[in-house]
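Q: Those sequence lines, one after another, are chains A and B. FYI, our numbering numbers position 370 of the first sequence as 370, with every residue one higher than the one before it. FYI, our numbering numbers position 70 of the second sequence as 70, with every residue one higher than the one before it.
It should be emphasised that the hints constitute simulated quantities derived from the structure, not laboratory data. Idealized CB from N, CA, C, for every residue including glycine. Please note: incorrect hints may appear among the correct ones.
[Claimed, not checked] Here are the simulated PhoX-like pairs of lysine-lysine, each with C-alpha atoms no more than 20 Å apart in a straight line:
hint: 1; chain 1: B; residue 1: 229; chain 2: B; residue 2: 273
hint: 2; chain 1: B; residue 1: 158; chain 2: A; residue 2: 414
hint: 3; chain 1: B; residue 1: 257; chain 2: B; residue 2: 229
hint: 4; chain 1: A; residue 1: 525; chain 2: A; residue 2: 479
hint: 5; chain 1: A; residue 1: 429; chain 2: B; residue 2: 156
[Claimed, not checked] Each pair of labels, with its calculated beta carbon distance range:
hint: 6; chain 1: A; residue 1: 522; chain 2: B; residue 2: 205; range: 50 to 60 Å
hint: 7; chain 1: A; residue 1: 207; chain 2: B; residue 2: 83; range: 47 to 57 Å
hint: 8; chain 1: B; residue 1: 81; chain 2: A; residue 2: 92; range: 17 to 27 Å
hint: 9; chain 1: B; residue 1: 126; chain 2: A; residue 2: 545; range: 50 to 60 Å
hint: 10; chain 1: A; residue 1: 157; chain 2: B; residue 2: 259; range: 35 to 45 Å
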Amino acid sequence: MTAKGVDRTAARAAGACLTWLLLVSAAGAQSAIRLRDATAESGIAFRHTDGSGGHRYIVETVASGLATLDYDGDGLTDVYFLNGAPLKGTPWTEPPPRNALYRNLGGFRFEDVTQKSGVGDTGHGLGVAAADFDNDGHLDLYVSNYGPKILYRNNGDGTFTDVTRRAGVADGSKVGAGACFLDADADGHLDLYVANYVRFTYDNHVPRTIRGVPMYHGPRDYDPSPATFFRNNGDGTFADLSKESGIASVAGTGMGTVCFDCDADGDTDVFVCNDVRANFLFLNDGTGKFVESGLIRGVAYNFYGQANGSMGADCGDFDRDGWLDLFMTDYQNELPVLYKNLGNGFFEDFTFRTGAGAGSLPYVKWGTGFVDFDNDGDLDLFLACGHIQDNIERVDDSTAYETYNVLLENVGGKFVDVSAQCGLRSLPKRSARGAAFDDLDNDGRIDVVVLNSRREPTLLRNETANGNHFLDVRLQGVKSNRDGVGAQVTVIAGELIQRAEVHSGRGYQGHFGTRLHFGLGQRQKVDRIEVRWLGGGLDVLLDAPADRLLTIREGSSRKERGQEHRRGLGSGRDL
Amino acid sequence: MPWFSEQPEPVMEQTPSRVGRLVKRGLVLGGATAIGLVIVATIFRGRPVPPDGEVLPESPNREVPAHLVRGPRSAGPSADTPVPETYEGLKEESLALGARLVQRYPDAIEALDLLASMHDRFGNLAEATRCWHQWLDRHPESAEAYFRLGRFAREKGKHEEAAEYLEKAFRRAPSLPGVQIHLGESLMTLAKMDEAVAVLEADVDETRNNPNRFLLLGHARLQAQQYEKAKDAFRRVVELAPEMTHAYFGLATACAKLGQAEEAKKHFDEFAKRKDREIAADRADVLQNDLPAVRQVAAVWYVRAGELFERAGDEAEAEAHWLRAGAIHPADKESRQSLLRLYQRQGRADRVARVEEELRKIVSQQGSLDDRKGR
């Protein structure tokens with residue numbers, strides 16, 4: 001190319017950049033999404049600790065995730081916060097820090113029911129998943145700790161019982177991370193995948209000084225650790241089949257995990273974020289045997305072939321092509337990665353092409369979710385941000401320990417940073433970790449709960465006022481597991497087709513979204529709903545009005561001999 | 001470390017541990033500073049004496065023009081001054097060196113580049129940016145300033161701003177090392193794949209055989225769905241630098257896109273094998289304290305400062321700075337090589353012999369260190 005050619009190219013590039021900027025600015029300015037800080041009025045007094053006492057153990061930096069779930073079945077989504085525990089050398093306090101369950105009273109008011117419910121574990125909580133592991137109709141909780149894990153069985157009366165010992169899922173003294181319930185062999189009983197971070201012990205911790213200041217270690221300073229896979233025996237006990245299942249064939253530095261049917265072969269696969277190592281994608285053969293296939297499937301690295309400091313992950317069909325894509329958060333100076341599902345369980349890094357990394361490069365990114373904040377029928381992205389080094393500003397002014405979170409609005413398949421317009425830039429800076437997304441006030445708009453390290457959490461009430469409609473779907477399995485974990489729901493409203501899957505465990509070592517949410521734009525009804533249950537069952541429902549929660553029971557509307565029955569729309573109710 | 005990873009193109013850096021990344025970033029920045037200074041010096045050498053405040057034009061001239069020397073001499077630490085034992089002490093001494101250079105040679109871009117790089121290395125990107133903005137105010141056509149500001153903007157995640165600066169730098173000096181690759185990557189980040197391909201395909205002498213350019217070009221072509229051409233680019237990388245792990249990843253991806261499953265698998269296997277080795281090497285390189293690495297970088301700064309003095313004809317200052325470099329980092333070879341040349345030119349046989357002996361010891365110690373590491 002000649003110098004003139006270069007000039008012309010540069011001029012074209014500049015022109016194209018300008019067009020892009022104008023589009024982006026216009027889209028940003030028009031964003032309807034509004035999130036208001038409602039923490040103070042919520043009644044939530046929880047304050048997180050990472051267990052730190054000056055020793056800078058690596059396990060401090062990764063605390064903690066959180067869960068949103070309706071534990072008491074009253075139709076209101078409650079919040080469960082994990083907490084760190086005083087680590088070796090940190091003064092013990094009375095009462096000790098503990099996890100906290102807040103019951104949703106309605107109207108964005110919450111009540112601390114930790115004591116009453118019995119889920120105030122005082123371990124060093126890192127990850128959590130909620131699911132009805134015993135199919136009794138009540139959501140149970142699995143808490144992934146540094147040290148023994150805890151399985152809380154929901155008694156159905158507002159209380160829980162620690163059944164860890166009987167269930168056999170304590171998993172020793174490992175550094176637990178993200179956890180997911182999945183029905184790996186489609187037997188109707190939810191199995192359990194528990195990622196483990198690194199082989200850390202107090203004995204192999206070595207102090208570190210960088211740029212003259214004490215710093216936390218990174219995961220490469222430690223040996224990686226294989227994950228644990230527990231098969232649900234269906235009688236309240238689990239068997240450790242980590243080796244037999246193929247899960248323990250590889251060791252990683254696991255963090256956030258999400259389980260989904262990536263290749264539409266009818267079984268549930270497992271995606272695992274590994275911190276500065278290749279991510280894992282465990283492909284299920286349908287019987288609970290897995291083969292790690294991340295490299296070949298395109299999710300092990302970013303598109304350069306670099307292993308990012310992967311943190312949290314979520315999956316959703318951002319481009320509405322019927323295939324579930326993956327989004328992954330990561331470390332400072334790394335763009336988060338949007339892995340587009342190419343339609344066959346093979347993925348490609350589409351971050352550049354979609355702008356999915358906008359506004360987040362200088363920050364460490366943690367909690368994340370594909371969420372339709374404005375009910376326009378496409379999935380936006382939320383990224384919870386905050387550095388691991390609490391003194392990072394002393395050595396690097398390009399980032400910060402406490403910073404803003406980022407919201408990227410999906411505008412025609414491209415992501416636009418609307419953090420300022422939606423209100424996130426007006427909030428106090430925090431060092432966020434886990435984030436959960438659910439409709440906490442049942443107004444049809446998805447709200448946000450962010451767990452902030454060493455701080456009170458942030459509750460963001462979605463006050464987007466664009467008149468868009470929605471449909472919420474809650475599944476009730478009969479042959480398959482009770483909450484329909486692993487089932488895929490397709491909602492068709494006119495030309496708008498959306499697909500989602502029920503997950504247990506997602507984001508940054510957390511849990512949210514048991515109730516599926518579909519934004520409908522200005523459409524006031526849904527033409528067709530298809531539920532593909534794990535195990536092959538299909539329910540088809542027609543003509544559902546918008547703006548309600550629809551509970552669909554497995555088998556309530558069968559498709560027989562090509563006939564679609566409109567028998568019962570489940571138990572629908574207006575919200 | 002292979003030669004190409006010392007280029008100032010972060011896209012090709014391997015991903016180390018979190019703190020390691022900070023350290024490596026420092027080393028890379030230090031290396032980049034050193035390389036940048038060589039680059040800038042090369043450009044600077046090529047410039048005739050400009051009127052005060054005018055843009056520095058290009059012409060070969062190894063000396064710092066006398067009129068650029070404005071500030072007074074001010075004494076820095078000598079070789080005998082105790083070397084700071086703390087990071088803060090080294091930082092203070094380094095920044096004082098940068099400030100002295102800028103004061104003495106306010107219109108010498110090397111001095112400014114050195115100071116700005118120090119600020120950047122010490123985590124003060126704002127101050128580094130300010131340095132270059134000030135330079136730009138006085139030299140509005142400075143490609144180097146646009147280049148540095150583009151790089152800093154990229155680091156801050158300001159992709160549009162980065163592309164704008166880098167485009168200006170590229171338009172002014174397409175051969176400025178790093179600018180083509182940084183602009184290409186910035187355009188890719190903005191999803192301007194065709195523009196990125198065009199920039200990376202531009203025939204620039206300095207990058208004709210740069211594997212990093214071809215690696216990025218391969219990825220830009222992949223993103224632009226030009227798979228056959230992408231494969232060609234990755235093949236070129238392997239020809240130029242067969243040790244470059246990421247080339248195999250690109251090659252495998254291109255083959256997979258072309259439906260060449262067997263070849264894709266072969267390259268994926270090669271990539272995975274190399275990646276495993278890199279992880280093991282990274283683990284071995286973990287630092288508990290980066291003070292030695294900072295010393296190494298500080299020594300490089302003193303070496304560059306000495307070169308600046310040498311070009312200005314101030315051999316005494318050049319010698320003092322090279323001696324200081326050796327004092328700060330006793331295993332530094334470059335300062336000894338500079339001293340050797342100086343003493344040979346000055347005919348100081350005793351000094352020549354002494355420095356030769358020091359160099360022999362350094363080479364021998366580094367050799368045994370490499371042996372211990374099995375390299």
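Q: Now tell me, hint by hint, if it's right for this structure.
A: Comparing the hints with the structure gives:
1. For a cut-off of 20 Å, the pair hint linking residue 229 of chain B to residue 273 of chain B is broken: about 25 Å separates their Cα positions.
2. With a C-alpha separation of about 18 Å, the suggested pairing of residue 158 of chain B with residue 414 of chain A holds against the 20 Å cut-off.
3. Distance check on the hinted pair: residue 257 of chain B and residue 229 of chain B sit about 12 Å apart at the alpha-carbon level, within 20 Å; holds.
4. A C-alpha spacing of about 29 Å is found between residue 525 of chain A and residue 479 of chain A, which places the hinted pair above 20 Å, so the restraint is violated.
5. Our distance criterion of 20 Å between C-alpha atoms is met by residue 429 of chain A and residue 156 of chain B, whose separation comes to about 17 Å.
6. Take residue 522 of chain A and residue 205 of chain B: their Cβ atoms lie about 58 Å apart, and the range 50 to 60 Å holds.
7. A hinted range of 47 to 57 Å for the beta carbons of residue 207 of chain A and residue 83 of chain B is inconsistent with their spacing of about 23 Å.
8. In this structure the supplied range 17 to 27 Å is violated for residue 81 of chain B paired with residue 92 of chain A, their Cβ-Cβ distance being about 49 Å.
9. Against the hinted window of 50 to 60 Å, the Cβ-Cβ separation of residue 126 of chain B and residue 545 of chain A comes to about 55 Å, which satisfies the hint.
10. The supplied range of 35 to 45 Å is broken by residue 157 of chain A and residue 259 of chain B, whose beta-carbon atoms lie about 59 Å from each other.
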